[in-house]
Amino acid sequence: MSDDKDSIFQKMWKREGFMAELRAINAIAIKQWKVEFSYPLSVLWFIVMPFLWFIPMLIAGQAVVGGSESAVLGELVGTTDWLSYIAIGTAFTGLAMSMFWGTGMSFRREQSVGTLETLMTTPMKRSTLVWGSMMHNLQHGGLGVILQLVAAVLFFGVTINAWGILPALAVVALSILALQGIVFALTCVVLLAKQGWMIIEFISSALMLVAPMAYPIAVLHPMLQYVSVASPLTWTVESFRGFLMYGFAAPGIVTAIVALLILDVVYIVVGILMFRYTERYVRRKGALSQF
Amino acid sequence: MTIADTISEETPRAGSLYLDSFKPRLMDWTAARVFAAKNLRIAMRYPANFIIWGVMPLLWLAPYMLMMTALGGPGTSTSFTEISGFDNFVKFAIIGWFVFQYVEASIWSVGNSFRHEQFSGTLEPLFVTPVPRISILIGAALSDTVQTSISAIVLLTTASFLFGVSYALTAIAPIIVLLLMMILALYGFGFMVAGMILVFKDPSVLTQFVGTALFTVSPVNYPLQALPIQARYVAYLVPSTIAIIIIRELAITGVFEIGQFLSAAAGLGTTILFFWLVGIASFRYAERWTKNRGSMGGF
Numbered sequence: 001m002s003d004d005k006d007s008i009f010q011k012m013w014k015r016e017g018f019m020a021e022l023r024a025i026n027a028i029a030i031k032q033w034k035v036e037f038s039y040p041l042s043v044l045w046f047i048v049m050p051f052l053w054f055i056p057m058l059i060a061g062q063a064v065v066g067g068s069e070s071a072v073l074g075e076l077v078g079t080t081d082w083l084s085y086i087a088i089g090t091a092f093t094g095l096a097m098s099m100f101w102g103t104g105m106s107f108r109r110e111q112s113v114g115t116l117e118t119l120m121t122t123p124m125k126r127s128t129l130v131w132g133s134m135m136h137n138l139q140h141g142g143l144g145v146i147l148q149l150v151a152a153v154l155f156f157g158v159t160i161n162a163w164g165i166l167p168a169l170a171v172v173a174l175s176i177l178a179l180q181g182i183v184f185a186l187t188c189v190v191l192l193a194k195q196g197w198m199i200i201e202f203i204s205s206a207l208m209l210v211a212p213m214a215y216p217i218a219v220l221h222p223m224l225q226y227v228s229v230a231s232p233l234t235w236t237v238e239s240f241r242g243f244l245m246y247g248f249a250a251p252g253i254v255t256a257i258v259a260l261l262i263l264d265v266v267y268i269v270v271g272i273l274m275f276r277y278t279e280r281y282v283r284r285k286g287a288l289s290q291f
Numbered sequence: 292m293t294i295a296d297t298i299s300e301e302t303p304r305a306g307s308l309y310l311d312s313f314k315p316r317l318m319d320w321t322a323a324r325v326f327a328a329k330n331l332r333i334a335m336r337y338p339a340n341f342i343i344w345g346v347m348p349l350l351w352l353a354p355y356m357l358m359m360t361a362l363g364g365p366g367t368s369t370s371f372t373e374i375s376g377f378d379n380f381v382k383f384a385i386i387g388w389f390v391f392q393y394v395e396a397s398i399w400s401v402g403n404s405f406r407h408e409q410f411s412g413t414l415e416p417l418f419v420t421p422v423p424r425i426s427i428l429i430g431a432a433l434s435d436t437v438q439t440s441i442s443a444i445v446l447l448t449t450a451s452f453l454f455g456v457s458y459a460l461t462a463i464a465p466i467i468v469l470l471l472m473m474i475l476a477l478y479g480f481g482f483m484v485a486g487m488i489l490v491f492k493d494p495s496v497l498t499q500f501v502g503t504a505l506f507t508v509s510p511v512n513y514p515l516q517a518l519p520i521q522a523r524y525v526a527y528l529v530p531s532t533i534a535i536i537i538i539r540e541l542a543i544t545g546v547f548e549i550g551q552f553l554s555a556a557a558g559l560g561t562t563i564l565f566f567w568l569v570g571i572a573s574f575r576y577a578e579r580w581t582k583n584r585g586s587m588g589g590f
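From first to last, the protein sequence lines stand for chains A and B.
Letter 51 of the first sequence, counting from 1, is numbered 51 in my numbering, and no numbers are missing.
Letter 78 of the second sequence, counting from 1, is numbered 369 in my numbering, and no numbers are missing.
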């Protein structure tokens, strides 16, 4: 019996490779679902929240336009269908928020429940904990995106190009790398500042502000337009909406995808390096479990 | 002899002038003042919060302004002018966000004040002090009003500067009167939310839902006429609706009409009465309910 136990531990310590990390990522995502299902109202809220946020935008848009077509938007982006433009653009909000908040605060959550140090001593890469949380939030936020799009189609008459659904999903997959880079940076803030929610709130709100979710970046101040161009959210939302509205005929889609690919590489490399350095620094200082 | 009797006999009687002469009262203003001072003293330890909470709503307000600009053109649209009577939606919305900060505070701060005490481990000691609960609630509300006013003024000043709008100060006195009446009505609303949080504990979902619902039906970014008819009736149940409409009118036009002011004050007076009665009754019920189940300190 004791030998069996030893061999399990030995096997555990010897585990390595991509598949082993993938299994750990999956286990963390499932664990997070189990925890969340203990608070079913909370799960439901975080799925329907983006849709509830969309309603005031819809009313404000209707008050300004007074109909289903906006000539001003037509001049700016080439479509007068403002409802589809906003409904599809803001559908991505829930996913982005879920990634920034849920994943960015994952270390803090484990710290609060007293499991961070235990998790850090398990034989998996440190970053796997962040990737696992990302996997969970991708699933959670993804449900919100689907719900908002379905509700927009059923209740508000938004039309979606069926040929664009798969490429739009591919865009979401492509955006994950760059978003994960941002999340690594947010995790560094949490590790260093401990109660970093205010910084996360500021960074995520600022990124949402410069993202073309409910308006094109042409209406932003020129300085903010530069920031917007450097944000992966901008190209993700543009290509996601482009595919769902026009299918493969979406204007400027190649530029958006190339820009997203370049930003993917930049953000994920910088994010991983920042995380690696910060995590080592915090451990060296012995401040991992400090509140 | 029971254990309680033994302890009672063995323990020397801890008396004080206050306890000896104590008689239950409806309201203890000293306790309210002390509680408010305690909260403000804690808030002063984090001075950056005043600025952050003044600037942060700008990041939530700006997307609305930018969206409305992208859909209707810069600053104005025929449709908006027709339904609201105002020709500048940026000016329209900023003052709405300023007033709505008090509604947010009544939910997040006053409503959650006992939750904060619970996390600090001071809720149960607070509940055994010989002061009426209402004093504690009013103390929490007073300190939050001071904090919210600072943040709301920072928001109004920064947003007006950034978006290049200005407001008339000619009717500042009636604006302050109406604002104070609305804040009083919101106290009652906050008491109600505080009771709900005592019962439901985890306030995140509840407060977010209440906050989002109130924001949707309130005429912050758009006039009431933009809402479906049923939602307009619901909007009038929100203590801030009348205040937002009239304060906006006074701040934008600068024209004071006594009839309009008196009818708004009467409406707000009714709202104060209604929300205080409902708020105190709900809180008392929630407190009894929680005590009976022994879940006061539970998380």
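A few of these clues could be false.
[Claimed, not checked] Footprint (simulated), chain A over chain B, 3 or more residues, beta carbon under 8 Å:
1) 338-351
2) 369-379
3) 407-419
Hints were generated in silico from the structure; no laboratory data involved.
Since the model is a prediction, treat every value here as computed from it, not as a measurement.
Where is the CB? At the ideal position from N, CA and C, for every residue including glycine.
How the hints compare with the structure:
Only when three residues or more bring their CB closer than 8 Å to a CB of chain A does the claim for the stretch 338-351 of chain B stand; here the count is 4, and the claim holds. Counting residues of the stretch 369-379 of chain B whose C-beta sits closer than 8 Å to any C-beta of chain A gives 6, which meets the bar of three, so the coverage hint holds. Using a Cβ-Cβ cut-off of 8 Å, 0 residues of the stretch 407-419 of chain B lie near chain A, which falls short of the minimum of three, so the contact claim is violated.
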